[in-house]
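Q: Given next are the chains, with one letter for each unit.
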Amino acid sequence: MHLETLSNPRISPNSAPTLTDNILEVNDLTVNYESSRGTVHAVDSVSFAIEPRRLVAVVGESGSGKSTLGLAIIGLLPTPPAKQIAGTVVYKDTNLSNLDREQMRGYRGTEIAMIFQEPITSLNPVYKVGTQIEEAIAIRESRKTEKVSNSGPLSTKYDRHDEVIASLKRVRIPDSENVAERYPFELSGGMRQRVMIAMALAQKPSLLIADEPTTALDVTTQAEVLKLMRNLMDEVDTSILLITHDLAVASQVADRIAVMYGGQIVEEAEVNELFNQPLHPYTNGLLACIPTGSKKIAKLKPIQGSVLDLRETYNYCKFAPRCPFVMDKCWKTKPPLHETGPEHRVACYLHE
Amino acid sequence: MKQRSSEESKRFLKSFLTRNEARLGLSIVFVFLAVSIIITITGKSLLPYDPVKQNVGPILASPTMAHLFGTDNLGRDVFSRIVIATPNDLVVSFIVIASSFLIGIVLGAIAGFWGGILDEILMRSTDVIFAIPALILAMSIAVILGPSLVHMMYALMIIWWPPYARLARGEALQVSQKNFIESAKTSGTNTLTILKKHLIPNILNPMLAYATLDIGTVVVVYAGLSYLGLSVQPPTPDWGAMVSAYQDYLISAPWLPLLPAVIIALVVIGFSLLGNALRDTIESQNIS
Amino acid sequence: MNFATFVLRRLGLAIFVLLGVAVITFTLSHLVSSNPLVAWLGRASGNRVLAAEYIQKYHLNDPLYVQFGYYLLALLHGDLGFSVFKGEPVSEALAQTLPFTLQIAFFAILLTLAIGIPLGVLAARYNHTAVDYSISGFYLAGIASPYFLLALFLLIVLTYTLHLLPSGGAFSPWVIEPYPITHFPLIDALLEGQWSIFVDGLTHLIMPSLALALGIFGYVTRVLRASLLDVLHANYIRTARAKGVDETTLFFKHALRNASIPVVTLASIVVTWLVTGTLFVEVIFAYPGIGQYAVQALSNLDYPSLLAITLVLAVIIVLSNLAADILYAVVNPEIRLR
Numbered sequence: 001m002h003l004e005t006l007s008n009p010r011i012s013p014n015s016a017p018t019l020t021d022n023i024l025e026v027n028d029l030t031v032n033y034e035s036s037r038g039t040v041h042a043v044d045s046v047s048f049a050i051e052p053r054r055l056v057a058v059v060g061e062s063g064s065g066k067s068t069l070g071l072a073i074i075g076l077l078p079t080p081p082a083k084q085i086a087g088t089v090v091y092k093d094t095n096l097s098n099l100d101r102e103q104m105r106g107y108r109g110t111e112i113a114m115i116f117q118e119p120i121t122s123l124n125p126v127y128k129v130g131t132q133i134e135e136a137i138a139i140r141e142s143r144k145t146e147k148v149s150n151s152g153p154l155s156t157k158y159d160r161h162d163e164v165i166a167s168l169k170r171v172r173i174p175d176s177e178n179v180a181e182r183y184p185f186e187l188s189g190g191m192r193q194r195v196m197i198a199m200a201l202a203q204k205p206s207l208l209i210a211d212e213p214t215t216a217l218d219v220t221t222q223a224e225v226l227k228l229m230r231n232l233m234d235e236v237d238t239s240i241l242l243i244t245h246d247l248a249v250a251s252q253v254a255d256r257i258a259v260m261y262g263g264q265i266v267e268e269a270e271v272n273e274l275f276n277q278p279l280h281p282y283t284n285g286l287l288a289c290i291p292t293g294s295k296k297i298a299k300l301k302p303i304q305g306s307v308l309d310l311r312e313t314y315n316y317c318k319f320a321p322r323c324p325f326v327m328d329k330c331w332k333t334k335p336p337l338h339e340t341g342p343e344h345r346v347a348c349y350l351h352e
Numbered sequence: 001m002k003q004r005s006s007e008e009s010k011r012f013l014k015s016f017l018t019r020n021e022a023r024l025g026l027s028i029v030f031v032f033l034a035v036s037i038i039i040t041i042t043g044k045s046l047l048p049y050d051p052v053k054q055n056v057g058p059i060l061a062s063p064t065m066a067h068l069f070g071t072d073n074l075g076r077d078v079f080s081r082i083v084i085a086t087p088n089d090l091v092v093s094f095i096v097i098a099s100s101f102l103i104g105i106v107l108g109a110i111a112g113f114w115g116g117i118l119d120e121i122l123m124r125s126t127d128v129i130f131a132i133p134a135l136i137l138a139m140s141i142a143v144i145l146g147p148s149l150v151h152m153m154y155a156l157m158i159i160w161w162p163p164y165a166r167l168a169r170g171e172a173l174q175v176s177q178k179n180f181i182e183s184a185k186t187s188g189t190n191t192l193t194i195l196k197k198h199l200i201p202n203i204l205n206p207m208l209a210y211a212t213l214d215i216g217t218v219v220v221v222y223a224g225l226s227y228l229g230l231s232v233q234p235p236t237p238d239w240g241a242m243v244s245a246y247q248d249y250l251i252s253a254p255w256l257p258l259l260p261a262v263i264i265a266l267v268v269i270g271f272s273l274l275g276n277a278l279r280d281t282i283e284s285q286n287i288s
Numbered sequence: 001m002n003f004a005t006f007v008l009r010r011l012g013l014a015i016f017v018l019l020g021v022a023v024i025t026f027t028l029s030h031l032v033s034s035n036p037l038v039a040w041l042g043r044a045s046g047n048r049v050l051a052a053e054y055i056q057k058y059h060l061n062d063p064l065y066v067q068f069g070y071y072l073l074a075l076l077h078g079d080l081g082f083s084v085f086k087g088e089p090v091s092e093a094l095a096q097t098l099p100f101t102l103q104i105a106f107f108a109i110l111l112t113l114a115i116g117i118p119l120g121v122l123a124a125r126y127n128h129t130a131v132d133y134s135i136s137g138f139y140l141a142g143i144a145s146p147y148f149l150l151a152l153f154l155l156i157v158l159t160y161t162l163h164l165l166p167s168g169g170a171f172s173p174w175v176i177e178p179y180p181i182t183h184f185p186l187i188d189a190l191l192e193g194q195w196s197i198f199v200d201g202l203t204h205l206i207m208p209s210l211a212l213a214l215g216i217f218g219y220v221t222r223v224l225r226a227s228l229l230d231v232l233h234a235n236y237i238r239t240a241r242a243k244g245v246d247e248t249t250l251f252f253k254h255a256l257r258n259a260s261i262p263v264v265t266l267a268s269i270v271v272t273w274l275v276t277g278t279l280f281v282e283v284i285f286a287y288p289g290i291g292q293y294a295v296q297a298l299s300n301l302d303y304p305s306l307l308a309i310t311l312v313l314a315v316i317i318v319l320s321n322l323a324a325d326i327l328y329a330v331v332n333p334e335i336r337l338r
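Those sequence lines, one after another, are chains A, B and C.
With our numbering, the residue at position 284 of the first sequence is 284, and numbering never jumps.
With our numbering, the residue at position 3 of the second sequence is 3, and numbering never jumps.
With our numbering, the residue at position 13 of the third sequence is 13, and numbering never jumps.
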């Protein structure tokens with residue numbers, strides 16, 4: 001499948017991943033939601049890793065568990081209904097699943113940051129944008145001084161002001177002095193999302209989780225913001241976990257893509273490999289949904305069937321009801337995720 | 001948005017009646033309404049004692065079986081006095097609310113629908129009336145007219161309509177901008193009455209909820225004015241006036257001033273519960 | 001529209017409303033009796049000297065619209081008529097009584113916030129539990145109570161049963177009122193270092209203010225509770241958590257700051273309640289403020305005082321609404337800058 005029209009700017013031999021110093025390792029993560037109508041199995045035994053300065057995209061439809069995955073990693077799951085019942089999240093050799101609330105908070109922002117889908121509601125409406133970024137910087141600094149025993153003088157509001165402007169400039173916001181004095185409702189959607197990125201990166205995290213950051217934006221702005229995020233990775237030494245429902249979006253910027261269905265990863269590969277050799281029928285289905293400009297008539301083929309009921313436990317392949325290649329075996333046991341080639345894993349009996 | 005079907009009404013009623021607030025409120029209100037109606041029809045004949053007759057028992061007696069609420073400084077039975085005063089507050093409140101409702105809906109619908117200068121006039125006049133507290137204004141009017149139950153009622157009727165007019169106007173504005181009004185206009189059905197048939201039903205709901213809550217407010221204001229001696233004159237019993245008259249006995253016979261006051265609060269609580277339940281039901285029906 | 005334009009517009013509206021109120025009081029003064037002198041002089045209208053003076057000053061023989069013009073002029077000069085009952089111009093009587101009422105109002109507002117806000121926070125934090133329901137019951141009882149009930153109730157409990165607080169008056173009998181610097185007795189007492197007088201005044205102030213606060217704090221609690229519940233689920237709270245903000249800062253700087261905004265809109269309800277309730281509370285506690293003045297004027301058919309008080313109270317309400325609107329714009333940037 002050729003996707004010349006989907007630009008992929010940084011494919012080069014040098015972006016081959018290293019096998020050690022993973023920023024993030026998720027092992028068998030399982031998260032349930034208790035609801036009045038039953039237990040929803042949102043994330044089902046998910047494992048993957050992210051290396052430094054790499055962009056990994058998790059792609060799936062709504063209900064695939066991708067947002068829950070993101071919240072679980074940063075420890076923002078609403079814990080009365082949600083519960084992590086198995087698995088670990090290891091960030092730079094620290095097992096986050098063992099930490100208590102206060103310890104986990106210490107990692108949020110300055111180690112793992114997260115930006116969300118709707119920037120208008122995600123920014124505090126009564127504070128200026130600059131003030132909110134400044135708060136992020138102040139948090140970073142207070143943590144730095146906690147770690148260093150003989151700390152120097154804390155910076156003042158005015159030193160931080162310079163850094164606020166710098167962080168806005170970094171996300172290519174023109175007229176940053178002016179923008180810092182604005183309230184969120186005075187800015188456009190694209191600007192707000194840039195502000196959120198600026199705010200997150202101002203804390204210098206090693207991992208930025210971006211949950212559908214461009215969904216609420218128009219297509220042109222979408223492309224700009226994605227490109228910005230990609231470019232900033234090297235500049236600030238951050239890895240990005242991009243959560244999205246849009247495979248096309250992922251293909252524009254990801255190094256590796258993990259496809260999720262029904263709370264599980266069904267296929268995971270380097271981006272070129274995935275597009276040249278999609279193995280899982282669901283991935284194929286997703287690819288067929290992408291409109292490509294090269295065809296004269298855009299033929300969109302939706303995936304048949306309907307959304308999975310996650311309250312059920314399945315001891316067979318969750319995609320079986322919708323799979324055009326389903327076999328008897330698929331209804332009997334769950335296909336495990338296994339490697340079919342270098343850096344390519346798939347959970348499907350078609351490829352055993 | 002269409003005409004209410006009887007289906008919808010049944011569902012509404014059911015949703016309403018299952019709420020605890022509604023049940024509690026209804027029971028309280030029902031008691032007071034029943035008493036009012038009975039008293040209006042039978043007068044003092046059903047009461048244990050004549051409310052204005054003095055020395056039917058010892059002076060300032062505390063509550064006993066013979067005198068449920070005790071007796072006052074002139075030996076009158078307090079229970080009979082409180083019961084016979086029930087229609088006063090309630091009837092005045094109902095009439096005031098009803099008239100404010102009607103006046104408000106008419107003025108508001110006109111202003112909201114036609115807009116322009118009519119709207120401005122309405123808004124500014126309500127602004128002015130809002131600036132003077134209801135009780136103070138009613139007080140001034142009642143003083144001029146002379147203190148009596150009826151005059152007090154007139155005074156309140158004159159000043160109470162602005163919130164209803166504003167509510168109606170707001171709803172009318174929203175409705176008049178909806179598409180089906182446009183299509184009704186273009187299809188030639190420019191008859192005012194037909195549009196009123198669309199407009200009025202949609203305005204009614206929020207106004208009814210507000211009116212129910214508002215009854216409590218009128219009761220309190222009326223009681224306050226009665227306390228100041230601007231409504232019925234002695235010896236006719238009226239709750240507010242009774243509180244004022246018995247105030248000196250606060251230490252020696254605390255039930256005397258407190259009982260009428262608590263009864264007033266009870267009426268207000270009943271209508272508040274009812275109004276809250278009504279408003280919640282309307283909101284939940286709007287969501288579905 | 002920027003802030004200055006906003007303020008000017010509100011100011012213009014306020015002036016217009018005040019004019020309207022003047023029209024109403026003017027109309028009322030002419031409805032009092034066929035003799036317009038009665039509205040200005042009350043029972044002194046028989047007094048030839050005063051009558052002649054007033055007829056001339058206010059052109060009481062001229063057509064209505066001319067009279068209204070002079071009426072406005074009189075108001076602007078602070079001439080509100082003469083109270084025979086008090087034996088002084090109404091404006092003097094007002095000047096003496098208004099500070100006392102304002103003292104009550106000030107403390108009542110403080111108490112309303114001091115009771116209403118923490119309870120609202122608690123009700124939100126423990127929503128749908130017994131704590132929440134008991135708080136609701138508590139404030140519902142307060143809101144539903146007629147003006148005099150809470151005052152009487154407090155009087156019984158705090159004064160006659162527990163003997164904690166005095167039963168009435170602004171000061172104890174032994175107090176000599178402090179020299180009027182600001183004309184607010186409590187402030188004057190403080191300024192002159194008369195601590196015991198200040199404390200005495202304060203103890204006399206508690207019950208009237210509390211009686212008012214208990215009747216109105218419920219609205220603050222209810223609004224704050226609903227608003228907090230909304231805000232705590234907002235996305236920007238999630239963002240703040242993702243930034244690593246600690247829970248205390250999160251609650252006060254982020255959540256409460258946003259949740260308090262709707263509370264400001266209650267200002268007009270609160271002021272109306274205070275203005276009305278003070279009539280009753282001052283009578284029951286014999287506190288020498290405008291409320292007591294008004295009730296006295298009522299019993300004595302002191303028309304000039306009554307009408308003037310109506311006007312003055314309306315002015316207070318309009319001004320506080322204006323202040324509340326401005327405060328709301330300050331607190332909510334969207335209003336001010338859109």
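No lab work stands behind these hints: they were computed from the structure.
One should not assume that every hint holds.
[As the list claims (entries may be wrong)] With beta-carbon atoms standing in for the labels, derived distance ranges: (1) C:Phe-106 / B:Ala-66: 31 to 39 Å; (2) C:Tyr-160 / B:Met-65: 26 to 34 Å; (3) B:Thr-236 / C:Gly-46: 31 to 39 Å; (4) A:Glu-118 / C:Leu-31: 28 to 36 Å; (5) C:Ile-269 / A:Thr-313: 52 to 60 Å; (6) C:Ile-269 / B:Leu-24: 39 to 47 Å; (7) A:Arg-311 / C:Ile-269: 29 to 37 Å; (8) A:Glu-312 / C:Lys-253: 13 to 21 Å; (9) B:Thr-236 / C:Leu-319: 39 to 47 Å; (10) B:Glu-7 / C:Asp-132: 51 to 59 Å.
Note that beta-carbon positions come from the ideal geometry of N, C-alpha and C, so glycine has one too.
Q: State for each hint whether it applies.
A: Here is what the structure says about each hint:
no.	hint	verdict
1	C:Phe-106 / B:Ala-66: 31 to 39 Å	49 Å, violated
2	C:Tyr-160 / B:Met-65: 26 to 34 Å	27 Å, holds
3	B:Thr-236 / C:Gly-46: 31 to 39 Å	33 Å, holds
4	A:Glu-118 / C:Leu-31: 28 to 36 Å	59 Å, violated
5	C:Ile-269 / A:Thr-313: 52 to 60 Å	54 Å, holds
6	C:Ile-269 / B:Leu-24: 39 to 47 Å	25 Å, violated
7	A:Arg-311 / C:Ile-269: 29 to 37 Å	47 Å, violated
8	A:Glu-312 / C:Lys-253: 13 to 21 Å	44 Å, violated
9	B:Thr-236 / C:Leu-319: 39 to 47 Å	40 Å, holds
10	B:Glu-7 / C:Asp-132: 51 to 59 Å	35 Å, violated
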